[in-house]
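**Q** Here's the letter readout for the chains.
Number of protein chains: 4
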Amino acid sequence: MDKILPFERKVNYYETDKMGIVHHSNYIRWFEETRIYYLEAAGYPYSRMEDEGIMIPVLSAECNYKNAVTFGETVYITAQVQKFNGFRMEILYTVKGGDGTVKADGMTSHCFVNKDMKLVRTNKEYPGIYKVFTGLCEMSGQQ
Amino acid sequence: MDKILPFERKVNYYETDKMGIVHHSNYIRWFEETRIYYLEAAGYPYSRMEDEGIMIPVLSAECNYKNAVTFGETVYITAQVQKFNGFRMEILYTVKGGDGTVKADGMTSHCFVNKDMKLVRTNKEYPGIYKVFTGLCEMSGQQ
Amino acid sequence: MDKILPFERKVNYYETDKMGIVHHSNYIRWFEETRIYYLEAAGYPYSRMEDEGIMIPVLSAECNYKNAVTFGETVYITAQVQKFNGFRMEILYTVKGGDGTVKADGMTSHCFVNKDMKLVRTNKEYPGIYKVFTGLCEMSGQQ
Amino acid sequence: MDKILPFERKVNYYETDKMGIVHHSNYIRWFEETRIYYLEAAGYPYSRMEDEGIMIPVLSAECNYKNAVTFGETVYITAQVQKFNGFRMEILYTVKGGDGTVKADGMTSHCFVNKDMKLVRTNKEYPGIYKVFTGLCEMSGQQ
Chain A
1 MDKILPFERK VNYYETDKMG IVHHSNYIRW FEETRIYYLE AAGYPYSRME DEGIMIPVLS
61 AECNYKNAVT FGETVYITAQ VQKFNGFRME ILYTVKGGDG TVKADGMTSH CFVNKDMKLV
121 RTNKEYPGIY KVFTGLCEMS GQQ
Chain B
1 MDKILPFERK VNYYETDKMG IVHHSNYIRW FEETRIYYLE AAGYPYSRME DEGIMIPVLS
61 AECNYKNAVT FGETVYITAQ VQKFNGFRME ILYTVKGGDG TVKADGMTSH CFVNKDMKLV
121 RTNKEYPGIY KVFTGLCEMS GQQ
Chain C
1 MDKILPFERK VNYYETDKMG IVHHSNYIRW FEETRIYYLE AAGYPYSRME DEGIMIPVLS
61 AECNYKNAVT FGETVYITAQ VQKFNGFRME ILYTVKGGDG TVKADGMTSH CFVNKDMKLV
121 RTNKEYPGIY KVFTGLCEMS GQQ
Chain D
1 MDKILPFERK VNYYETDKMG IVHHSNYIRW FEETRIYYLE AAGYPYSRME DEGIMIPVLS
61 AECNYKNAVT FGETVYITAQ VQKFNGFRME ILYTVKGGDG TVKADGMTSH CFVNKDMKLV
121 RTNKEYPGIY KVFTGLCEMS GQQ
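Protein chains in written order, with my numbering: chain A, 1 to 143; chain B, 1 to 143; chain C, 1 to 143; chain D, 1 to 143.
Mixed in with the good hints, there may be bad ones.
For chains that are exact copies, the list does not tell them apart, and a pair is met inside one copy or across any two.
[As the list claims (entries may be wrong)] DSS-like cross-link-like pairs, simulated, lysine-lysine; straight-line CA separation at most 27 Å:
(1) K115 x K3
(2) K131 x K103
(3) K118 x K3
(4) K124 x K10
(5) K124 x K96
(6) K115 x K18
(7) K103 x K124
(8) K3 x K18
(9) K18 x K66
Everything labelled a hint here was simulated from the structure, so no lab data went into it. Here the structure is a predicted model, which means the values were calculated and not measured.
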């Protein structure tokens with residue numbers, strides 16, 4: 001799998017709050033956008049996974065805020081898939097400004113479920129999905 | 001049907017933007033909260049309608065912003081059901097501050113659909129739902 | 001001023017609701033993103049206007065929903081500046097899907113204020129800002 | 001300080017996503033609502049702190065999702081102030097359903113800053129604010 005460029009994202013005005021900076025809850029949404037961007041870049045869009053009956057709910061999410069982000073800025077977010085074993089994984093995120101300053105980092109953990117919300121072992125039942133996450137996981141190791 | 005008190009709503013910090021006031025998009029969400037509050041007050045919660053297979057999508061929405069709302073304020077929102085004919089309706093909203101100042105007014109229009117997104121005539125198929133909206137419509141006329 | 005391409009926008013997962021479609025309130029946010037995109041494309045970013053002390057609050061907003069938008073779709077949004085007279089204007093929006101289907105249209109109206117929230121006549125006080133909106137207004141006439 | 005009842009919060013329709021459950025990002029917003037509710041219950045609203053020039057930005061936030069929350073539900077959220085030393089603190093949250101089921105728990109960490117975003121030691125400069133957080137911290141120990 002080719003290296004994936006960071007997810008580039010302009011700040012929206014409605015994402016700011018009265019402190020004049022991006023509200024902290026939006027980073028959790030940016031992490032989701034970043035996951036979805038990486039899956040599309042890896043050739044397996046999340047909408048296609050859902051069409052095939054697989055969802056990847058969030059088991060936990062965290063974010064550490066280092067430097068405020070303001071309207072007018074563009075951020076660059078990388079995701080690294082970790083500890084993927086076919087039915088669980090963690091994803092690490094780093095949010096950087098245009099000058100390379102780290103704005104925030106974070107982590108989400110996930111499982112894989114079908115439409116009945118039953119846990120799915122992708123290595124047995126969904127080899128295509130297993131392959132794309134294995135590829136993302138290996139790519140993270142190389143970074 | 002008894003008169004329904006206005007929907008009372010504190011402003012959330014995350015609803016403000018860098019102008020220091022509530023972002024205009026949130027009023028459209030407040031209108032939704034107000035509709036749902038009125039239905040519950042009228043004895044027929046929207047979650048029950050959905051369980052029975054009826055959804056009330058928004059066909060159009062508009063809001064006129066008169067005076068800014070800031071964090072720390074509580075707003076009081078009234079809804080008036082208009083032009084309900086069993087399968088279409090309009091709802092008018094007025095957002096007031098604690099001192100009675102009008103902050104905004106607006107309107108949404110709706111239809112009634114089933115789970116297949118087919119239009120539903122509630123007067124024939126869902127008399128309980130027809131009755132609650134007829135009641136809300138009559139109440140509006142009395143205000 | 002050169003023609004500005006429509007604003008291209010992927011749907012975010014967190015913008016959907018339990019009906020499985022984009023929640024109607026998000027279109028109002030997309031309109032804001034579109035305004036800001038057009039200003040940047042016209043060479044005068046909104047963040048620069050704010051730095052110069054000018055804000056363009058929303059006086060009214062409306063949206064007519066024609067066809068649902070779902071996760072996985074990309075929408076293309078055009079904005080047309082109308083009735084700009086130096087201190088007031090209207091902007092019309094059309095949201096289209098990838099196949100050209102109209103998903104929604106809408107309108108926002110605006111005034112121009114300074115940091116004290118006083119109305120500003122841009123033609124006298126801010127000729128650079130006046131020029132960019134005049135250009136956008138003329139471009140709309142040509143479309 | 002009297003015991004503070006959990007923060008009671010209805011789920012909003014616009015907080016759901018296409019999985020049919022509350023989107024995970026909203027819990028971070030609920031935590032903020034809960035903080036603000038506790039401060040008001042403790043007699044020192046956050047809007048008053050801001051008026052006095054103090055802000056309490058979020059340094060980190062995390063949430064562990066245990067059981068999905070759906071539209072129609074009401075959640076009850078408790079906050080426990082921990083490790084408050086005058087200029088830093090942590091707050092733990094538990095989100096429960098109406099039947100007592102734990103839906104999620106989480107944590108946010110904070111510092112105290114003035115309008116210039118300089119760190120503030122509340123014990124020296126803002127004894128009223130110091131007192132309210134000391135009270136909340138002691139209350140947590142008693143729970």
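**Q** None of the hints should be skipped; say for each whether it holds.
**A** Cross-check of the supplied hints:
In the homo-oligomer, the alpha carbons of K115 and K3 never lie at most 27 Å apart, since the shortest distance is 31 Å inside one protomer and 42 Å across protomers. In this homomeric assembly, K131 and K103 never come within 27 Å of each other (Cα to Cα): the closest approach is 31 Å inside a single copy and 32 Å across copies. Taking the shortest alpha-carbon separations for K118 and K3, neither the intra-copy value of 32 Å nor the inter-copy value of 40 Å comes in at or below 27 Å. In this assembly of identical chains, the alpha carbons of K124 and K10 never lie at most 27 Å apart, being 39 Å within a copy and 32 Å across copies at closest.
In this assembly of identical chains, K124 and K96 lie within 27 Å of each other by CA distance neither inside one copy nor across copies; the values are 37 Å within and 35 Å between. Within a single copy, K115 and K18 get their C-alpha atoms only as close as 40 Å, which misses the 27 Å cut-off; across copies the closest is 12 Å, which meets it. Neither within a single protomer nor between protomers do K103 and K124 lie at most 27 Å apart by alpha-carbon distance, with minima of 39 Å and 30 Å respectively. Taking the shortest Cα distances, K3 and K18 never come within 27 Å of each other, neither inside one copy (38 Å) nor across copies (30 Å).
With identical chains, the CA atoms of K18 and K66 are at most 27 Å apart both within one copy (19 Å) and between copies (20 Å).
Consistency with the previously given hints fails for numbers 1, 2, 3, 4, 5, 7 and 8, ordered from lowest to highest.
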